[in-house]
Amino acid sequence: MSDPSLGVRSGLQGRVNHNLDILLKRFENISQLAPVEGKSREITAAETYQIECHASAMIRAAEDLLSLTRSLKEAWLFGQLGSELGVVDPATDENAKQVGKALQKLASKPRSSM
Amino acid sequence: MNADQLLLSLKSWPEENLEETSVSSLINRIQAQRGHFRDVNESLLEEEIAAGKDEPQDDELHGDLENKANGGTADKTAGDQESATELRNAKVKMAALVGHALNEALLGLDYISFLVSLHNPETGNLTMSPALKEAVPAGSLGFDKIQRKPDPKAIKDDEIVSRAWKMEGLNSAADALLSASEKLGREVEKESRYWEQVLAIRDEGWVITRIPRERQTLGVRYGFAESAAEYKSKGIGALRRGEDGSVVMDDVATTGSLGKAMLRVRVIENGEVKGVSVQSGNKKSTSVKDVIERARNFVYEDELFFEIMREARIMANQGIRTSEDGVTLQLGEHRSIIIDMAPLDDDDTALDVHSPESGLAQGVAMAFRILLSYNHRMSLKKRSKPPPALSPRKQPVPPLLLVRPIATHLIHHQHLSHLQGLLKSLIGIAKSASLHGEYSLKPLQNCRQPEIKDVESAVDTFMGRLESEATLVLPGGWKVEIQMSTMLGHPLYGTGFTINTSHDGISARLMGENKFSSVEEMELYLCWCLERSVVNEIRCMGDKWQQIAQGNEMRNVEKQTRKIRVEATRVGLSIVTGATGGTDTRFVWDGSEASKSLQDLLKEF
Numbered sequence: 001m002s003d004p005s006l007g008v009r010s011g012l013q014g015r016v017n018h019n020l021d022i023l024l025k026r027f028e029n030i031s032q033l034a035p036v037e038g039k040s041r042e043i044t045a046a047e048t049y050q051i052e053c054h055a056s057a058m059i060r061a062a063e064d065l066l067s068l069t070r071s072l073k074e075a076w077l078f079g080q081l082g083s084e085l086g087v088v089d090p091a092t093d094e095n096a097k098q099v100g101k102a103l104q105k106l107a108s109k110p111r112s113s114m
Numbered sequence: 001m002n003a004d005q006l007l008l009s010l011k012s013w014p015e016e017n018l019e020e021t022s023v024s025s026l027i028n029r030i031q032a033q034r035g036h037f038r039d040v041n042e043s044l045l046e047e048e049i050a051a052g053k054d055e056p057q058d059d060e061l062h063g064d065l066e067n068k069a070n071g072g073t074a075d076k077t078a079g080d081q082e083s084a085t086e087l088r089n090a091k092v093k094m095a096a097l098v099g100h101a102l103n104e105a106l107l108g109l110d111y112i113s114f115l116v117s118l119h120n121p122e123t124g125n126l127t128m129s130p131a132l133k134e135a136v137p138a139g140s141l142g143f144d145k146i147q148r149k150p151d152p153k154a155i156k157d158d159e160i161v162s163r164a165w166k167m168e169g170l171n172s173a174a175d176a177l178l179s180a181s182e183k184l185g186r187e188v189e190k191e192s193r194y195w196e197q198v199l200a201i202r203d204e205g206w207v208i209t210r211i212p213r214e215r216q217t218l219g220v221r222y223g224f225a226e227s228a229a230e231y232k233s234k235g236i237g238a239l240r241r242g243e244d245g246s247v248v249m250d251d252v253a254t255t256g257s258l259g260k261a262m263l264r265v266r267v268i269e270n271g272e273v274k275g276v277s278v279q280s281g282n283k284k285s286t287s288v289k290d291v292i293e294r295a296r297n298f299v300y301e302d303e304l305f306f307e308i309m310r311e312a313r314i315m316a317n318q319g320i321r322t323s324e325d326g327v328t329l330q331l332g333e334h335r336s337i338i339i340d341m342a343p344l345d346d347d348d349t350a351l352d353v354h355s356p357e358s359g360l361a362q363g364v365a366m367a368f369r370i371l372l373s374y375n376h377r378m379s380l381k382k383r384s385k386p387p388p389a390l391s392p393r394k395q396p397v398p399p400l401l402l403v404r405p406i407a408t409h410l411i412h413h414q415h416l417s418h419l420q421g422l423l424k425s426l427i428g429i430a431k432s433a434s435l436h437g438e439y440s441l442k443p444l445q446n447c448r449q450p451e452i453k454d455v456e457s458a459v460d461t462f463m464g465r466l467e468s469e470a471t472l473v474l475p476g477g478w479k480v481e482i483q484m485s486t487m488l489g490h491p492l493y494g495t496g497f498t499i500n501t502s503h504d505g506i507s508a509r510l511m512g513e514n515k516f517s518s519v520e521e522m523e524l525y526l527c528w529c530l531e532r533s534v535v536n537e538i539r540c541m542g543d544k545w546q547q548i549a550q551g552n553e554m555r556n557v558e559k560q561t562r563k564i565r566v567e568a569t570r571v572g573l574s575i576v577t578g579a580t581g582g583t584d585t586r587f588v589w590d591g592s593e594a595s596k597s598l599q600d601l602l603k604e605f
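Line order of the protein sequences matches chains E and H. Reminder that position 24 of the first sequence reads as 24 in UniProt numbering, one-by-one numbering, no gaps. Reminder that position 108 of the second sequence reads as 108 in UniProt numbering, one-by-one numbering, no gaps.
Hints were generated in silico from the structure; no laboratory data involved. Incorrect hints may appear among the rest.
[Unchecked claim] The list that follows gives simulated cross-link-like pairs (lysine to any residue, SDA-like), each with its CA atoms no further than 25 Å apart:
id: 1; chain 1: E; residue 1: Lys97; chain 2: H; residue 2: Asn375
id: 2; chain 1: E; residue 1: Lys101; chain 2: H; residue 2: Asn375
id: 3; chain 1: H; residue 1: Lys183; chain 2: H; residue 2: Val198
id: 4; chain 1: E; residue 1: Lys97; chain 2: H; residue 2: Leu360
id: 5; chain 1: H; residue 1: Lys479; chain 2: H; residue 2: Asn375
id: 6; chain 1: H; residue 1: Lys145; chain 2: E; residue 2: Glu42
id: 7; chain 1: H; residue 1: Lys442; chain 2: H; residue 2: Glu357
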């Protein structure tokens, strides 16, 4: 059962790792860009912008993880497509037998007159 | 001389201008006049005409005036107009802003590519806009780093400004991260609730799949796998996520072509509705499971009705009429059964148990549903077998067996009760003449034998040809066996009677098997049998009477001129006697309380 889903799983695993990577790296970048010593204001402005970019990259990575969990759930759900509906309940057969016998008796009651 | 002259115009009557009245131009003009006209109907327009609103340009002005005068209707159209203009303005503004942004971006691109073209001519020239290339030759902008003496005041300013900017940037980043985390937390909550409920539905047994149209939404499949092609795609309901995460199922009112309706069977006698079947189902509950069940029921009923109509259309030769709404089965002159669709009853109408016709209607409705499942099973079996050989002709789907078995049963039952009535009256007539007679009836004889093992054989036993047997013992040693079989198809196309007579062969020559296909013929034959059996009885009663020439007249052995004639009809048995030249005297037994017996009567002659 795990064989066909192995490819899927490794893909998902790769995505998880990739996203975690992004989260950590971007945070690192932000903290690297934070200090303000000895830079001209133009550079600071550019760095501010960079900080914002990294922040949104982090957010995107987190949302990606969320969608990953959803794909995981769907994959799990469809990995076992419920076959419950195809099973014939044996109780219905029993019921049918009883009803059929009763019908037979009822319908073939000989009616006569003396 | 003529005060009013007749002025004739000799120009031809203007033709209708096709351009002006074509639908597409009409729609454009209406939209220009009053925006979208989805909610307009006749009454609205009439009110507007009555209010004298005909110039559409100053709509807003009129709108204010009409607001006080008319209230609702003008309000709505003015409001629609305003929102339409707002929409248009917003669109224009947005287009302008986007154009601005595009311009700025292109300018920036030009600048950079110009700069780059000095050191990297190919890349630069590729991205420079043609206007710039014409204005200035490529590569004429250069840059260099210069060493400037740092200005301490400027440095301090820089520091302060940079600090402020950095703080701002960091704060905004932190805020963004925090709010994003909050939002994600809520999403996760909603998702988990949604999935919990979806799992609950799945555990009930419903199959969850993706919706073929929107790949991202889950849907629950409540259709049936064996439905015809039209119903396969209708069997899925989308499960969407609602406001707080719980599952909301798509509205299924539109899945059936007839809306929320179930099958209804009515028994009509002499034009009056005598019995109705009940359509039950929780109309009111809105829990997802009930919604799914209701949807499944509706789709089932819809398909059932569709298949019934399809089959009934080709059964017109058996007396089954179809119309747009329903199917009518004619049973005899005054009774008929109508099958159509009706919306769900309210929760309090119950089956009228005292009326047998309602019971019949309910039984027929239930039988239809069972038969549809049976047909699904049969088609599943057919599908599981290896497919037939490929041929250029496409085989049409044969209609399912729904109406035929039920019609067969109803017609058979009707004929059976008719036969029973007939036999009873004949025996009654015979008895009232103190003659011996009896009958016995064995209905649905061929349904007794097969053994019922499971659902399929339970239904199978009662399909197909129905046969019943009756045995009639008539005076004079006659025994008549009647076999009645009903089948709405080849070879009978209705009810057929096979009558076997056995007697001592003296008062009648014809013996053996006779086949009849109409009820009247059978009646006549049975009456004839009664006649001859009475003749035989008289003959055996003591050798006083003798049959004349195999007919129904008998001659007294002693007085050769004395004749009697035996006649048997549906209403009575009669003995007619008379002398030639005089009037006949007739004595009739009609099954009422016992009058003179035959023997006594004959002694009189």
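For each hint, the structure was consulted:
The hinted pair formed by Lys97 (chain E) and Asn375 (chain H) meets the criterion: a straight-line CA distance of about 18 Å does not exceed 25 Å. The hinted pair formed by Lys101 (chain E) and Asn375 (chain H) meets the criterion: a straight-line CA distance of about 21 Å does not exceed 25 Å. For the suggested pair Lys183 (chain H) and Val198 (chain H), the alpha carbons sit about 22 Å apart, so the restraint of at most 25 Å is met. A hinted pair counts as satisfied when its Cα atoms are at most 25 Å apart, and Lys97 (chain E) with Leu360 (chain H) qualifies at roughly 22 Å.
Between Lys479 (chain H) and Asn375 (chain H) the alpha-carbon distance is near 42 Å, which puts this suggested pair outside the 25 Å criterion. Of the pairs offered as hints, the one joining Lys145 (chain H) and Glu42 (chain E) holds, with about 15 Å between alpha carbons and a cut-off of 25 Å not exceeded. At roughly 24 Å between alpha-carbon atoms, Lys442 (chain H) and Glu357 (chain H) fall within 25 Å of each other, so this suggested pair holds.
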